[in-house]
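Asker: Going line by line, the protein sequences match chains A and B.
The letter at position 246 of the first sequence is residue 246 when you use the numbering used here, and the numbering goes up by one with no holes.
The letter at position 115 of the second sequence is residue 115 when you use the numbering used here, and the numbering goes up by one with no holes.
Wrong hints could be hidden among the right ones.
Unchecked claim - Here are the computed lysine-lysine pairs in the DSSO-like style, where the Cα-Cα straight-line distance is at most 27 Å:
| hint | chain 1 | residue 1 | chain 2 | residue 2 |
| --- | --- | --- | --- | --- |
| 1 | A | Lys434 | B | Lys62 |
| 2 | B | Lys30 | A | Lys434 |
| 3 | B | Lys62 | A | Lys260 |
| 4 | A | Lys326 | A | Lys260 |
| 5 | B | Lys97 | B | Lys30 |
| 6 | A | Lys260 | A | Lys62 |
| 7 | B | Lys173 | A | Lys523 |
| 8 | A | Lys260 | A | Lys523 |
Just so you know, these hints were derived from the structure itself, not from any lab.
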Amino acid sequence: MKETQVRSRWYRLLAVMLGLVLVAAACGGDDDDTASGDDGGSDDSGQETTTTTEEPEGTPVKGGELVFATESDVATIDAGKAAQPSDKVISLGIFDTLTTYVDGEIVPYLAESLEGSEDLTTWTMTLREGVTFHDGTPLNADAVVKHFQRMVDPAYACPCAGSVEIIGSMDTPDGPEGLTVVFTLTGPSVSFPDLLAGSSGYIESPTAVAQLGDQFAQRPVGTGPFKLTEFTPGERVVLEAYEGYWQTDENGIQLPYLDKLTVVPIPDSGQRVAALRTGDIDIFQTADSATVATAEEQGFAAQKISGSSSTIILLNNDKPPFDDVKARQALAYAINKDVINERVYDGVRVPSYSGFALDSPYYNPDAGTPQYDPEKAEELVEELGGLDFTLVCIPTPEADGILQLVKQMGEQVGMNITLETQEQGAYVNRIFSKSGDYEAACFRSSHFIEPDAIRPGLTTDDPGNLVFYSNDEVDQLLEEARQTADVEERKEKYFRVQEITGEEVPLITSLYDLFGNVYNPDKVGPPPPGEPNSLGAIKPGFLYAAGG
Amino acid sequence: MQIVRTVLQRLAKLVVVVLIVSFLTFLLTKLLPGDLTTTLLGPEASNPAAVAALEAELGLDKPLLTQYWDYISGVVTEGDLGTAYASNNFPVWELLKQRLPATIQLMIMAQVISLAISVPLAMFSAYRANSLADRSITAGAFGLISVPAFAMAVFLVYVFSLQLDLLPALGYKRITGPDGLGANLRSVALPVTVLVAGLTAVYTRLLRSDLIATLQEDFILMARSKGLPTWHILLRHALRPSSFSLLTVFGINFGSLIGGSVILEYFFSIPGVGLLAVESIGKRDYLAVQGVVLLIAVAFVVVNFLVDTLYAVLDPRVRRAGAR
Chain A
1 MKETQVRSRW YRLLAVMLGL VLVAAACGGD DDDTASGDDG GSDDSGQETT
51 TTTEEPEGTP VKGGELVFAT ESDVATIDAG KAAQPSDKVI SLGIFDTLTT
101 YVDGEIVPYL AESLEGSEDL TTWTMTLREG VTFHDGTPLN ADAVVKHFQR
151 MVDPAYACPC AGSVEIIGSM DTPDGPEGLT VVFTLTGPSV SFPDLLAGSS
201 GYIESPTAVA QLGDQFAQRP VGTGPFKLTE FTPGERVVLE AYEGYWQTDE
251 NGIQLPYLDK LTVVPIPDSG QRVAALRTGD IDIFQTADSA TVATAEEQGF
301 AAQKISGSSS TIILLNNDKP PFDDVKARQA LAYAINKDVI NERVYDGVRV
351 PSYSGFALDS PYYNPDAGTP QYDPEKAEEL VEELGGLDFT LVCIPTPEAD
401 GILQLVKQMG EQVGMNITLE TQEQGAYVNR IFSKSGDYEA ACFRSSHFIE
451 PDAIRPGLTT DDPGNLVFYS NDEVDQLLEE ARQTADVEER KEKYFRVQEI
501 TGEEVPLITS LYDLFGNVYN PDKVGPPPPG EPNSLGAIKP GFLYAAGG
Chain B
1 MQIVRTVLQR LAKLVVVVLI VSFLTFLLTK LLPGDLTTTL LGPEASNPAA
51 VAALEAELGL DKPLLTQYWD YISGVVTEGD LGTAYASNNF PVWELLKQRL
101 PATIQLMIMA QVISLAISVP LAMFSAYRAN SLADRSITAG AFGLISVPAF
151 AMAVFLVYVF SLQLDLLPAL GYKRITGPDG LGANLRSVAL PVTVLVAGLT
201 AVYTRLLRSD LIATLQEDFI LMARSKGLPT WHILLRHALR PSSFSLLTVF
251 GINFGSLIGG SVILEYFFSI PGVGLLAVES IGKRDYLAVQ GVVLLIAVAF
301 VVVNFLVDTL YAVLDPRVRR AGAR
């Protein structure tokens with residue numbers, strides 16, 4: 001089993017974490033929201049734990065233009081690289097993924113079908129017929145092959161390269177202009193279809209790539225419902241409906257519903273709500289729960305998506321003090337997640353004790369992950385003879401709130417915690433470069449429907465293992481779990497993994513993140529469900545203007 | 001001949017200053033922990049092969065001096081400011097071109113309006129020094145200087161956008177855009193107001209103190225005894241010799257405003273140079289940072305060159321000193 005396979009989804013996961021770190025940094029700076037407190041989480045929003053919301057109600061109407069605000073400017077919308085939710089809203093309009101999730105099940109999307117061999121090493125994909133890119137190039141096997149070659153090209157420098165390298169070779173039995181591609185993986189993997197549901201699965205026009213080269217990133221061309229007609233960084237992105245789009249909804253209406261979607265970045269969260277009120281925008285996307293609450297009070301509607309990621313504390317398992325399991329357990333017992341939820345998030349979020357979302361079939365509720373128990377924590381600290389460490393994070397108001405609370409809770413049980421903040425660019429480098437230069441650090445982790453996503457983060461010596469955790473039994477279980485398609489078998493293994501990590505606490509999860517798409521219900525129809533592999537970003541092709 | 005020599009000397013100094021600033025910035029950004037490859041590769045950054053390949057591709061594996069030399073020779077000979085790799089490979093000059101209009105518009109409008117308000121206000125204030133009117137103006141100026149820009153911004157948005165619905169809360173509409181000049185002016189009204197508040201307060205106070213000092217001079221007494229009207233004395237005789245501090249600060253402010261006001265750009269979602277600089281630093285997008293710094297350095301140096309020249313024009317003492 002080669003090292004490369006082991007890198008599979010964690011890279012996407014970490015790319016997404018990076019995106020979230022950037023988002024968190026970008027939306028920091030608005031004390032008014034967290035400090036104002038408003039009235040606490042009186043709504044039931046905190047109990048939503050699904051990774052998607054219910055089906056949109058109402059009847060979609062064709063036509064109309066909307067303005068969508070994101071929290072930060074476009075980082076990149078190119079295939080394989082688009083990682084932040086702000087980028088996904090745009091890239092999911094320009095591109096289609098080869099597969100997608102519907103009601104928690106993975107199904108082919110741009111592909112017509114995707115079949116795996118018994119041993120899960122060979123996958124045969126048939127593409128839809130008659131699909132064209134925005135520039136008229138037909139979608140065929142050649143485009144798909146060229147896409148994956150580009151993803152692993154070192155000159156393209158894709159963060160996805162590590163996971164895409166699982167493709168050993170590709171074959172086109174009907175020739176490059178045919179619609180069939182056969183993938184031979186470097187090893188068995190049941191999660192291959194899941195890889196194709198994220199930005200690694202965006203198929204871009206090979207003609208455009210050949211013509212534009214490096215500049216393709218500024219004018220990406222895909223098969224998606226919208227063509228990119230304007231991209232002015234820092235100002236706006238304009239998407240216009242692509243008349244030749246292949247998909248129609250169940251009532252026969254050709255997608256997208258909208259004629260035009262303008263995406264603008266609004267970094268300040270207070271201004272986002274103000275812009276909604278003045279009508280400068282129609283809908284915005286946010287990771288800030290307080291903003292969602294404020295907007296709802298002002299009469300706007302909010303689609304809440306929880307469980308797609310959570311904030312976590314990384315612990316360096318490789319050096320003191322957290323190389324000792326007792327130290328890790330002590331910190332886990334000392335943290336009161338409900339209090340953090342109340343104080344920092346107005347009670348709107350849900351505490352997390354697992355790397356899986358609560359509604360995942362692989363979530364083990366009896367894993368034995370430490371719950372708040374200050375006495376036990378104190379005991380362990382005594383046994384250790386004291387526990388001193390530094391906890392580092394990026395300087396956002398949200399992180400500050402959490403850090404201060406953790407420090408207090410630690411001190412209550414006899415720990416001595418030094419807080420450190422570091423600017424995001426350097427911080428990300430420190431963690432991703434795996435220099436091991438930290439003791440405890442805050443981060444974010446995503447929860448994908450595909451359970452294999454947790455593997456790189458826990459496997460010994462995997463580049464995606466940011467906590468330097470090493471347990472042979474876990475390594476073996478995770479590897480076995482991805483080589484079988486049998487759900488019961490996989491469940492058994494993932495349950496056992498959670499038991500072990502519940503005991504050994506390689507890292508501490510705190511709260512599930514809550515994302516919101518807040519909109520004016522007079523202008524915007526209920527948005528489509530959030531995409532599980534895109535941090536809850538929605539497919540803009542399904543967004544529609546409210547009728548009348 | 002003398003003038004040509006002076007100008008050439010000044011020009012040479014300008015170029016040296018710009019080069020030094022550019023080189024120092026280059027070194028400083030390279031010294032920051034973290035680098036462009038991590039921004040681009042994300043988690044893949046722990047893969048040394050990928051990092052090495054990317055560094056070779058972007059020329060980041062060459063020695064620092066070589067990198068800088070390649071950069072500056074490209075700028076000087078071809079006007080090539082490089083590519084912003086962390087901003088979707090946009091050429092740096094194109095990013096600057098996109099961001100400059102907003103920043104320049106804010107800068108020029110704020111400076112001109114501030115001057116238009118502060119000069120008459122200061123003249124009035126100095127003329128009626130220590131009266132109730134003057135003291136109110138001074139207190140008002142202090143007040144405005146003390147209010148932080150973002151607080152004023154929030155307040156203005158609350159009043160004018162949310163309550164009165166007169167102006168947009170954010171965004172920048174270009175003059176060349178579909179909605180034309182009207183939409184453009186409305187979109188910059190609030191940020192310009194915030195800038196004007198701060199600048200006017202400072203300019204008023206500066207000019208006022210200098211005017212008060214000048215008004216004590218003998219030649220003013222002489223002009224009064226000749227029976228000249230007050231406004232004539234203020235405008236024609238007192239203003240010129242009192243304007244040097246104001247002129248100096250005015251010039252310096254052009255330099256700082258061209259760097260953009262990051263807080264206002266962030267709050268009002270204005271695509272200006274300031275936010276570009278901050279974001280590029282965060283992403284370690286070296287060439288974009290270099291480009292912005294070069295822009296600011298050149299602007300600063302040119303404006304101050306003009307200010308120096310203006311001194312010579314306005315102040316005969318400087319002219320005479322130069323001629324010796």
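Asker: All the hints need checking, so say for each whether the structure fits it.
Answerer: Checked hints:
1. Lys434/A - Lys62/B: holds, 24 Å
2. Lys30/B - Lys434/A: holds, 20 Å
3. Lys62/B - Lys260/A: Violated: Lys62/B and Lys260/A sit about 46 Å apart, past 27 Å.
4. Lys326/A - Lys260/A: violated, 56 Å
5. Lys97/B - Lys30/B: OK: Lys97/B and Lys30/B at ~25 Å, within 27 Å.
6. Lys260/A - Lys62/A: The hint holds at about 11 Å.
7. Lys173/B - Lys523/A: holds, 22 Å
8. Lys260/A - Lys523/A: Given pair Lys260/A, Lys523/A holds - Cα atoms ~14 Å apart, limit 27 Å.
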